[in-house]
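Engineer: Single-letter residue listing:
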Amino acid sequence: MLRLVKAESFKLSKKLKSWLGPLLIMVLVLIAFPLSIDISQFDLDKFYFSIIIVSLLMTSFVATEGMFEEDFEDGSLEQEFLIEKDFYKLVLSKIFVYVCLIGIPIAFIGALFSFANGVAIGSFAKVFLLLSLSNLLLFNLFAFGNALSINKGAMLGVLSSLPLALPVIILLGTAVRSIQFGDGFAAIITLMIGVGLVMSAIMPLIISAALKTHID
Amino acid sequence: MKLLSAQNITYSINENKLFHNLSFEINAGEGLHIKGGNGSGKSTLLRIIMGITSPSKGLIETYDQDLNISYLGHKNAIKNYLSPLENLKLLFNDAELKIALKWLGKFGLLDVQDELTAGLSFGQQKKLALIRVFTKSSELIVLDEPLVGLDKTTAELFSGFLIQKLSEGVGLILTSHIDPMINCKVLNLGGKNAEAS
Amino acid sequence: MLMLGWTWGLLFAPQDAVQGNSYRIIFLHVPSVIFAELIYFFMAVCALMHLVWRVKLGAYLIKSAAPIGAMITFIGLLSGSIWGIPTWGTWWQWDARITSTLILFIMYLGILTLHGSFSNLEKADRLMSILVVIGVVNIPIIKKSVDWWSTLHQPASISVSGGSSIDPSMLYPLLISVIGLGFTLISLGILSSRSYIFIREKNKRWISENV
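Chains as they are written, first to last, in my numbering: chain A, 344 to 559; chain B, 159 to 355; chain C, 27 to 237.
By construction, these hints were calculated from the structure, which means they are not laboratory data. This one's a predicted model, so the numbers in the text were calculated from it and none came from an experiment. Treat each hint with caution, since some may be false.
Unchecked claim - Pair by pair, the computed Cβ-Cβ distance ranges are:
| # | chain 1 | residue 1 | chain 2 | residue 2 | range |
| --- | --- | --- | --- | --- | --- |
| 1 | B | N172 | A | E416 | 18 to 24 angstroms |
| 2 | A | L367 | C | K169 | 32 to 38 angstroms |
| 3 | B | I171 | A | K358 | 32 to 38 angstroms |
| 4 | B | Y239 | C | W114 | 34 to 40 angstroms |
| 5 | A | V397 | C | F224 | 42 to 48 angstroms |
| 6 | A | I545 | C | I205 | 37 to 43 angstroms |
| 7 | A | R520 | C | W114 | 21 to 27 angstroms |
| 8 | C | F67 | A | F458 | 42 to 48 angstroms |
| 9 | C | W114 | B | K215 | 54 to 60 angstroms |
| 10 | C | K228 | A | K358 | 41 to 47 angstroms |
| 11 | C | F67 | A | T517 | 26 to 32 angstroms |
| 12 | A | E416 | B | D269 | 23 to 29 angstroms |
| 13 | B | I321 | A | A544 | 45 to 51 angstroms |
To be verified - With the Cβ distance kept under 8 angstroms, some of the chain A side facing chain B (calculated, not the full set):
| # | residue |
| --- | --- |
| 14 | K354 |
| 15 | K358 |
| 16 | D417 |
| 17 | F424 |
| 18 | L425 |
| 19 | I558 |
All residues carry an ideal CB built from backbone N, CA and C; glycine is no exception.
Make a model of the complete structure from these sequences and hints.
Structural biologist: Written as structure tokens, this is what we have:
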């Protein structure tokens with residue numbers, strides 16, 4: 344397990360494109376959006392959060408795209424299968440590494456921008472926690488979509504995993520409202536942590552089955 | 159000592175039969191050379207033997223639950239955005255790395271060990287992939303067309319290595335159009351109902 | 027039977043007090059959205075059959091049911107939109123049920139695309155079944171989550187146990203429409219799955235012997 348986490352983080356850190364790319368896209372969208380419309384600062388505050396959420400969705404999709412493609416194409420999946428007999432550990436460590444190296448930085452950027460756009464300083468930690476957790480969920484879901492479509496391109500990935508991701512987005516919307524009005528936040532975070540744990544345990548099983556089908 | 163036996167293996171893709179009722183077995187220290195024309199299912203058979211692909215009918219039985227298999231297929235499982243050295247570091251622990259580096263020297267790859275693998279020639283990449291097979295200790299070695307793209311010296315080095323492994327009691331299964339110069343049983347998939355001879 | 031339900035509903039049922047004649051699209055809308063989901067659940071059962079017991083028929087049935095499901099979901103959405111214009115004054119609203127039906131439609135498309143993109147059909151069957159099973163877990167989650175938004179739809183007006191808030195003169199043709207559409211879809215399903223099974227099993231002996 345440790346071997347896999349090490350290997351995956353080393354690989355990802357060497358792939359600057361897949362690692363830094365999503366982070367830059369996130370920053371770009373968050374900067375570009377306010378510039379692209381001509382509204383007063385007051386109005387922007389109202390829905391800037393939605394922009395953060397949508398770019399979170401986009402970037403986490405971009406980040407997970409090709410998560411398994413490379414290992415599938417160059418035959419690493421077969422080698423891994425010969426060692427472990429399934430992909431549970433591989434998938435678990437891959438998602439873990441991706442969330443740590445990409446998901447959490449994205450969440451940090453999102454929280455930073457929300458803070459710059461009128462969310463009280465006291466809520467920074469809340470927003471950061473919220474976005475990190477939702478990234479954990481999104482990465483799991485998109486990893487699944489990715490494992491299904493593997494090398495068949497983004498369209499298939501979107502079609503198969505977007506329906507799964509939408510509830511997360513809706514949950515996020517509710518959570519943001521709860522931060523702004525200051526109630527019910529603890530309940531939502533608890534829910535997200537619970538769902539996140541369950542999903543992190545189960546999703547790799549399903550993804551592993553899908554990957555096994557691919558190399559079959 | 160028996161390593162593995164195959165009983166009545168049949169495999170079909172989209173309802174088209176690739177091969178039918180194959181049975182054979184591999185003992186420790188024994189080699190099996192699978193022959194056959196293009197598309198006769200050699201690679202698929204190897205994958206079935208390793209348990210990656212499941213056969214449509216039949217059974218592969220391994221006598222040791224965690225039979226250690228080294229495999230090199232058409233895909234090298236080499237990361238081309240890493241250097242050869244980094245690739246080896248990903249694969250091996252410190253003790254194994256020493257052996258791997260020795261092979262790196264024998265294959266003449268030391269000069270390029272810090273360049274990106276993507277820039278290496280096909281043969282060089284193949285050698286790098288072979289190092290994995292040469293370094294990992296295993297009870298069964300499975301190779302799919304290992305000699306393609308190798309120069310003569312490397313091919314000789316390679317045959318020598320395999321002969322030595324066979325004498326150490328390691329099982330070997332390979333497909334090759336080029337004669338590997340190793341004593342082994344032959345399984346021909348050329349026609350239907352092929353049998354081990 | 028579908029014909030009977032529709033004629034009755036469209037020609038003879040009385041006008042709705044509030045909505046006038048436009049409500050008559052209910053006889054298309056309600057049955058189609060009901061089956062949009064029922065077909066999905068049917069597919070989920072088939073997917074389980076296919077994954078757990080390796081029944082090939084399960085995958086064949088999913089593959090034949092999915093286009094029908096996608097079609098009927100689309101009809102449901104379209105008729106809902108048309109109905110929405112006179113009653114809500116807008117053809118689209120990001121309301122809970124519309125959204126979840128739309129997502130259902132996307133899921134159907136996803137399943138179809140997934141199966142279409144692999145040349146090894148057995149592989150495609152398995153992956154498709156996995157997606158269908160995950161999707162069926164997703165449906166209630168989507169329902170619950172979109173329910174948090176305020177909804178425009180009227181609450182369900184037919185309940186099995188208690189009385190219903192809809193007048194019998196409208197209810198009966200509606201029920202008949204539902205059952206009629208059900209039969210229509212089942213026969214469609216049988217037709218398409220029959221031809222699909224033939225295509226997939228064309229090399230097997232039983233077909234050449236019996237056809």
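Engineer: Going back to the hint list, which numbers does this structure go against?
Structural biologist: As far as the earlier hints go, only 4 is violated by this structure.
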